[in-house]
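Peer 1: Sequence:
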Amino acid sequence: MSGRQQHRHYNRHKGQEDPCDVRARFVSKDLHEKNEARFLEVVQTACRLHDDYVDLSTAIKQTMDETYGPTWHVIVGPNFASHIMHEKCAFAHIKCNGLSFLIYKYG
1 MSGRQQHRHY
11 NRHKGQEDPC
21 DVRARFVSKD
31 LHEKNEARFL
41 EVVQTACRLH
51 DDYVDLSTAI
61 KQTMDETYGP
71 TWHVIVGPNF
81 ASHIMHEKCA
91 FAHIKCNGLS
101 FLIYKYG
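Reading the sequence shown from the start, the letters are residues 1 to 107 in the UniProt record's numbering.
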């Protein structure tokens, strides 16, 4: 296997600014209620700005680390399975634009 990383893209309109076009919703969560709106906002903003999975996950991770301190982990894709551990009140599974976002703090 080569060391080259394959980037995945998803279908969306570049420069999409209408917030009605990008709607994030929780699938499951373990968060402080005061942080819930911010998590959705971070995902929606990333979806407006990026169409590459790596860019999406990087942007979300950087925002979470800056806002809530390290160490956040972000998994993005249309389909995936997971079994993770996370810190208390530091987990969200969010759907937006046909993608799933697993955001959690651990470590």
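These are computed hints drawn from the structure, not numbers from a lab. Hints are supplied without guarantee of correctness; some may be wrong.
[Unchecked claim] Derived EDC-like pairs: lysine to aspartate or glutamate, alpha-carbon spacing no greater than 16 Å straight-line:
#1 K105 / E66
#2 K61 / E41
#3 K95 / E41
#4 K88 / E33
#5 K29 / E41
#6 K95 / E36
Since we're looking at a predicted model, the values are computed, not measured.
Peer 1: If a hint holds in the structure, say so; if it doesn't, say that too.
Peer 2: Verification of the hints:
no., hint, result
1, K105 / E66, "13 Å, holds"
2, K61 / E41, "13 Å, holds"
3, K95 / E41, "12 Å, holds"
4, K88 / E33, "13 Å, holds"
5, K29 / E41, "15 Å, holds"
6, K95 / E36, "14 Å, holds"
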